[in-house]
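Student: If you read the protein sequences in the order shown, they are chains Y and B.
Position one of the first sequence corresponds to residue 242 (the numbering used here), numbered consecutively onward.
Position one of the second sequence corresponds to residue 95 (the numbering used here), numbered consecutively onward.
One or more of the hints may lead you astray.
As the list claims (entries may be wrong) - In silico DSS-like links for lysine-lysine, alpha-carbon gap of 30 Å or less:
hint	chain 1	residue 1	chain 2	residue 2
1	B	K359	Y	K367
2	B	K410	Y	K309
3	Y	K319	B	K414
4	B	K181	B	K359
5	B	K328	Y	K319
6	B	K99	B	K221
Hints listed in this document are in silico derivations from the structure and should not be mistaken for laboratory results.
On a predicted model such as this, the values are computed, not experimentally measured, just so you know.
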Amino acid sequence: MQILLERVLPVFFDIDQVGNSQVWNKTVSFQKGENVHIIAPSGSGKTTLIHFLYGLRNDYKGQISYDKSDIRKFDAEKFSAWRMQHISIVFQDLRLFTEHTVLQNLEIKRSLLPFYPENNILSMAKRLGIDNKLHQLCKTCSYGEQQRIAIIRALQQPFDFLLLDEPFSHLDELNRQKAMELMEEESNKRNATIILADLREITYFKSERTLHL
Amino acid sequence: MSSFKNIAPFLSAGQNTLSRWLSYFGLGVGVVLLLCSVQMFININELLKEKNSRKEGADFISVTKTITNDNMGKDNRFTPEDIKDLKAQPFVEDAAPLISNQFRVKASAGNIIPFSTDLFLESLDEKFLDTVPASFTWKEGQADVPIIFSSDFMEMYNVFAPSQDLPQLSDKTMSSVTIILECYTPYGVQNFRARIVALSDRINSVLVPNNFMQWANKNFGGVSQVNPSRIYIKTIDANNPQLLNYLEKKEYRVNKDKTKFGRVKQILQAIVSGLGGFGVLVILLAMLLFSFYLQLMIAKSKDNLQLLLTLGYSPKWLSKTVAKRWIPVYITIVLAALFFTALFQFGFQHFVMYGREELSPFVNWSVILIATILLALSILTNYKLIKKLLYKLA
């Protein structure tokens with residue numbers, strides 16, 4: 242799978258504003274199997290880019306394609322098919338079902354198109370140290386714990402691309418490394434690509450390419 | 095793949111239980127009303143069926159002029175103008191005179207049945223007859239005359255026969271009895287052998303072939319053109335108010351029995367149709383209430399549903415899965431309604447109609463068909479509505 246950006250620019254961005262960007266208003270292609278690190282200071286449109294790539298927003302000029310198909314022409318049904326099998330995501334704002342338990346949050350994603358059997362949830366939760374929280378309501382978990390829930394949720398499905406939008410903002414150094422390790426491991430299993438967007442460089446993320454937004 | 099069990103906790107379906115149950119109840123009541131009305135409509139049709147009297151989907155009625163004290167002495171027969179005017183009316187498909195005998199006729203049954211009476215004969219255009227056997231023809235010089243006899247007269251005969259020491263006759267024996275027609279002519283009595291070739295439910299008369307009547311009237315009565323006192327009308331609907339108004343204005347009399355019968359049927363069917371219409375209204379209201387409930391449920395679960403869609407759940411799959419949940423509910427409601435209708439029909443046939451044979455104790459197939467269509471429609475509408483609401487979120 243390939244994601245191609247051709248002269249993509251948010252409609253609310255000025256062309257002069259993005260002169261030094263390696264992504265905005267340029268042609269950029271992401272290939273399967275090649276990790277990409279996007280470093281973006283605040284206000285440079287990091288979350289906007291991730292949302293464009295995932296198809297949540299389309300207020301941009303230019304074109305984004307999945308395997309040469311313009312995603313602007315996708316309907317909800319087509320997006321769901323791609324999201325179910327090819328693209329997974331960890332949102333900056335996490336987007337969890339806060340009124341439900343941690344396990345329910347993970348299981349709803351796993352059961353959509355299971356990549357792993359049910360017991361895998363527990364082993365992943367153990368690795369990231371939230372196994373004792375599984376039956377707790379999501380809203381009672383700390384933000385750091387919720388971030389780990391969102392990471393584990395993203396790993397419950399098959400994917401070619403894993404989009405990460407500041408996935409570690411509320412984790413301590415040790416937990417960041419554990420989480421990164423788990424994600425890289427899972428990505429390798431699927432021969433997938435991680436596109437990680439963060440404010441600064443994450444040194445333990447093994448990327449083939451670094452782009453400045 | 096995921097199932098409804100997985101997504102059920104993400105829908106706030108538990109709320110608004112009252113409106114949900116109310117809409118189920120309303121739907122049930124509506125369906126029962128509609129199915130019972132359809133069944134009753136069919137029942138009325140079965141019970142009030144005018145056997146054999148309708149031919150080619152038309153009603154046949156005989157019309158005479160009303161005899162009052164004022165016109166008693168006058169000629170109350172129909173003139174050719176009267177007939178022309180009648181035929182010209184849009185609600186009259188066709189009209190033909192009933193020509194009566196212009197000479198005296200006596201009938202006797204010979205020696206087997208010692209019975210003799212003065213008789214009247216009439217003839218009518220064949221297309222107005224309900225039963226025309228091939229033997230209902232006459233040629234000049236033929237001594238045998240075929241007769242079509244009214245079933246009502248036959249019944250009357252059988253009523254008074256025992257008191258007159260006459261044998262009662264079945265339809266079959268009646269046709270084998272030879273009746274001697276004694277026609278009084280200016281030159282003396284001429285006898286014909288008459289045989290009943292058919293019984294008619296429609297016409298209260300003794301009918302002979304048209305050409306016989308014309309020949310006999312000319313030769314025995316000395317008249318070739320006779321103004322009839324009865325006209326036979328073919329109309330699409332004997333209960334057409336325009337027709338009844340016309341007849342009233344012209345002071346014509348109709349066979350009231352027939353139109354009264356039709357009127358009762360019409361009124362009953364109108365009532366039942368109204369009830370059925372009310373049933374449809376109740377169904378619509380219940381569906382509306384249910385759609386409000388669905389909209390509320392989806393609005394309340396909006397954030398969750400939106401997130402499910404974001405995570406990769408397909409709107410089509412979600413709509414199908416959510417809609418499927420109500421299929422058993424709809425099936426239960428319609429089956430329960432069908433059961434009530436069956437119970438009602440059985441009760442009606444058994445206890446109200448005392449098991450009358452023309453009425454089936456079971457529901458008619460069309461009621462089952464309507465129930466099936468209703469079921470399919472409600473499942474489809476439900477699915478469409480959920481799909482529409484979900485696609486709005488996507």
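Student: Hint by hint, which ones does the structure fall short of?
Tutor: 1, 5 and 6
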